[in-house]
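When we follow the working numbering, the leftmost residue of the sequence shown carries the number 124, and every step to the right adds one.
These aren't lab readings, by the way, just hints derived from the structure by calculation.
Check the hints yourself; a few may be wrong.
Stated by the list, open to error - With a cut-off of at most 30 Å between alpha-carbon atoms, the simulated DSS-like pairs for lysine-lysine come out as follows: (1) K212 - K257; (2) K155 - K193; (3) K157 - K193; (4) K220 - K255; (5) K157 - K175; (6) K177 - K212; (7) K220 - K257; (8) K175 - K212; (9) K255 - K290; (10) K190 - K175; (11) K190 - K177; (12) K212 - K255; (13) K216 - K240; (14) K177 - K157; (15) K290 - K241; (16) K218 - K193; (17) K240 - K255; (18) K216 - K193; (19) K175 - K193; (20) K177 - K220; (21) K240 - K177; (22) K257 - K218; (23) K150 - K193; (24) K190 - K216; (25) K255 - K190; (26) K175 - K155; (27) K155 - K216; (28) K257 - K290; (29) K240 - K220; (30) K216 - K257.
Claimed, not checked - Label-pair restraints from in silico Cβ distances: (31) I291 - E148: 52 to 58 Å; (32) S273 - K212: 31 to 37 Å; (33) A138 - K257: 40 to 46 Å; (34) V300 - G247: 21 to 27 Å; (35) R162 - K220: 41 to 47 Å; (36) L221 - Q303: 51 to 57 Å; (37) Q254 - I291: 17 to 23 Å.
Positions of the beta carbon are idealized from the N, C-alpha and C atoms, including for glycine.
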Amino acid sequence: MNTPINIKKLTPALAIHPGEILLDELKARGIKQKDFAARIGMAITQLNEVIKGKRNITADLALLIEKALKMDAILWMNLQMNYDLSVAKINDKNKAKLEAIDTLQMVEPMIPVSFFKKHGIMSGDVSNDLQKIKEVYQIDSFDQLPLIYSERSIVHFRKSEKLSVDKINLVGWAHLVQYQA
């Protein structure tokens, strides 16, 4: 059984500027750049910069394109927004941060987050928090984290049977004590 791909989590290999789409539309309609620039009251050099991806499509330009080509301005604004997001996803600096956030979101259900924050293990810096969690649980990879909960090495004693045991907090506490020792 194949797991479905979440399209929102995909990182594009190449970001396509909406100016390229505008150029394709002009070519398909047989409109010269010079004539289109005159129609929307824009300098040909500015239009050329939009088409080459050196200038963004602004809301004002989107409204002009809408009138001139009878294509919704929201389409052009969405194309620009999607381009900007694709560029940000492709950026290596952002890619590492996004992956770290994804990892933390995957790990959070398996750790006592509020307890670790209270004791200064987690500070809010995702990269540092992930490293600290690995140190506390003495693991090399977060794939090992679920295995910790299947171990029976943690023993606890209690007199009351009224309260239930929260295994995540218990294991987190035991590993924190071991780490601090």
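Is it true that the CA of K155 sits at most 30 Å from the CA of K193? With a Cα-Cα distance of about 17 Å, the restraint between K155 and K193 holds, given a limit of 30 Å.
Between K290 and K241, does the CA-CA distance stay at or below 30 Å? Between K290 and K241 the Cα gap is close to 18 Å, so the pair holds against 30 Å.
Take a quick look at whether K177 and K212 sit within 30 Å of each other, Cα to Cα. 19 Å, holds
Holds or violated: K157 to K175, with C-alpha atoms at most 30 Å apart: Within the cut-off at roughly 15 Å; holds.
Would you mind confirming whether the straight-line C-alpha gap from K177 to K157 stays at or under 30 Å? 18 Å, holds
Does K155 sit within 30 Å of K175, going by the straight-line distance between their CA atoms? The hint holds at about 15 Å.
For the pair we were handed, K220 and K257, check the Cα-Cα distance against 30 Å. Given pair K220, K257 holds - Cα atoms ~17 Å apart, limit 30 Å.
Just to be careful, I want the Cα atoms of K257 and K218 compared with a cutoff of 30 Å; is the pair within it? 21 Å, holds
Whether the CB-CB distance between I291 and E148 falls inside 52 to 58 Å: Check passed, 54 Å falls within 52 to 58 Å.
Quick one, are K175 and K193 close enough, alpha carbons at most 30 Å? 22 Å, holds
Given the hint that K212 pairs with K255, test it: the Cα-Cα distance must not exceed 30 Å. Holds, because 26 Å separates the two Cα atoms, which is no more than 30 Å.
Between K216 and K257, is the straight-line Cα distance small enough, at 30 Å or below? Satisfied, since the Cα-Cα distance of roughly 22 Å is no more than 30 Å.
Hints 16, 18, 21, 24, 25, 27, 33, 36 from the list above are not met by this structure, while the remaining hints are.
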